[in-house]
Amino acid sequence: MSKLIFRNIVRFILLVLFQVLVFNHINLFGYINPFIYVSWVFLFPVRKSKSLLLLTSFFLGILIDTFSDTGGIHTAAILIIAYFRLPILEMVMRKTDFDYVLFNIRNLTLNKLFLFISILTFIDTFIVFLLDYFNFSDIGSIISNTILTSIFTILISFFGILLFTKKHK
Amino acid sequence: MQQLFYFIQKFRYFLLFLVLEIIALTLTIKNHSYQQSKFINSANFISGGIYNQVSSISDFLNLKSENKRLSEENIRLKNWVEENKQVDVNNIVAHIDTSKYHQKYQYISAKIINNNYSKRNNFLTLNKGVKQNLKIDLGVINSKGVIGVIKNISKNYATVLSILNSNSKINVRLKKSFHYGTLVWNGKDYNIAQITDIPRQATIKVGDTIITGGKSAIFPEGINVGVIKDFKFEKNQYKEINISLFNDMSSLSYVQVIINYQKNEQKGLEQNNLYE
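Taken in order, these protein sequences are the chains called A and B.
Residue 123 in the numbering used here sits at position 116 of the first sequence, with consecutive numbering throughout.
Residue 374 in the numbering used here sits at position 32 of the second sequence, with consecutive numbering throughout.
Excised from the complex, chain A in its bound form (with noise of 0.2 Å):
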């Protein structure tokens, strides 16, 4: 258990570090930044208390936001998808009661965990353009801006799981 809380405390630290020192200054064609913190909502393990993902990613959300100065629109995204994570991980799996203590989410078949990834990533890609923006005669930046990004995101999280986790028997 202590190695569990251990493991989740280390994540959540590089996750934001690398964040904010390497990410947020890649600037791919220009301008895509890769938003790699939402992987916390992913690898966060699944429990009945629901309360401590939301608690754990307003602070890494306020982290991230601190660095970039963006006031809280990171925080305001990483909430949301922390608090539908559920409901969209049911969806993706077609089924509404699993087992909690037991689940890890590298047991999806890559199809589905792939799904749930570029589901999650897109809302919150979505809502921290729609904030930054904060005017809807954008609209054409904040969708163009929600793909690519999106695109990145996905893939780099998508591949760094599965490099990065281990697969429970």
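If you're looking for bench data, these hints aren't it; they were derived computationally from the structure.
Positions of the beta carbon are idealized from the N, C-alpha and C atoms, including for glycine.
Take the hints with a grain of salt, since some may be wrong.
As the list claims (entries may be wrong) - Which residues of chain B face chain A? A few of them, derived with a C-beta cut under 10 Å, are: (1) Leu358; (2) Val396; (3) Asn458; (4) Lys493; (5) Ser592.
With chain A held as given, fit chain B onto it using these hints.
Same frame as chain A, but now just chain B:
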């Protein structure tokens, strides 16, 4: 009462989400208004300290361009000094009476330790703060042109509202005539900014230089901004005047912060006018 507890018990997960989401949205809205100073910003000692460490590692990467820029500025200033030496020798008057001599602006050197230019609303972080006499609402420039205005400040760090931000509105004018406008940014290309509010009687051409107007108390007059790239003239109005900035906003390192000693005097006078 018991029903209230039952209600909270039943919906506590949703209520927690709601409270946190409202906090996040409040912070976002505060971030979008120019007047309010932000609660969450990178000018604190943790993020400032981390950025400072990391920038000291990556510093040597842009040493070459920074040297070139400094050398260019030296040449410009030396030429300017030589031009001004051509004065009548008989008329040289030494300013000894300090009561007649007022220094209006002072420049402080600072370094950008975190640069952003790819978002819609960009902020930069500086490695100097209250300890080095910086204040909120001071202008930030480098030798090539305008960079932004200081927005938040802590003991050792400050954040700068970049000209690449939807809240940034800087008074500018044409170099060749005294027609004033406002420098804004539409969020598309970090090399290209826009000017609005240019009066229609102004004659502008592609290639005209834009400089700061000096009407606000933040920037002195005559700091370079950019040249006009293209524009549209529709219905007797100038639309979409694009200017390409002299500054490459993607590689900024050392900058100068401008302190205006007569700011309070100017502001006070302008305030008095408003109330009359």
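Comparing the hints with the structure gives:
Look at Leu358 (chain B): its Cβ gets to within about 5 Å of chain A, closer than 10 Å, so that hint holds up. Evaluation of the Val396 (chain B) hint against chain A yields a held restraint, the C-beta minimum of about 6 Å falling below 10 Å. Given hint, Asn458 (chain B) at the interface with chain A, holds; its Cβ is 7 Å from that chain's nearest Cβ, closer than 10 Å. Satisfaction of the interface hint for Lys493 (chain B) is found here, the shortest Cβ-Cβ separation to chain A being roughly 9 Å, below the 10 Å cut-off.
Checking Ser592 (chain B) against chain A: minimum C-beta separation of about 7 Å stays under 10 Å; hint holds.
Going through the hint list in order, the structure satisfies each hint without exception.
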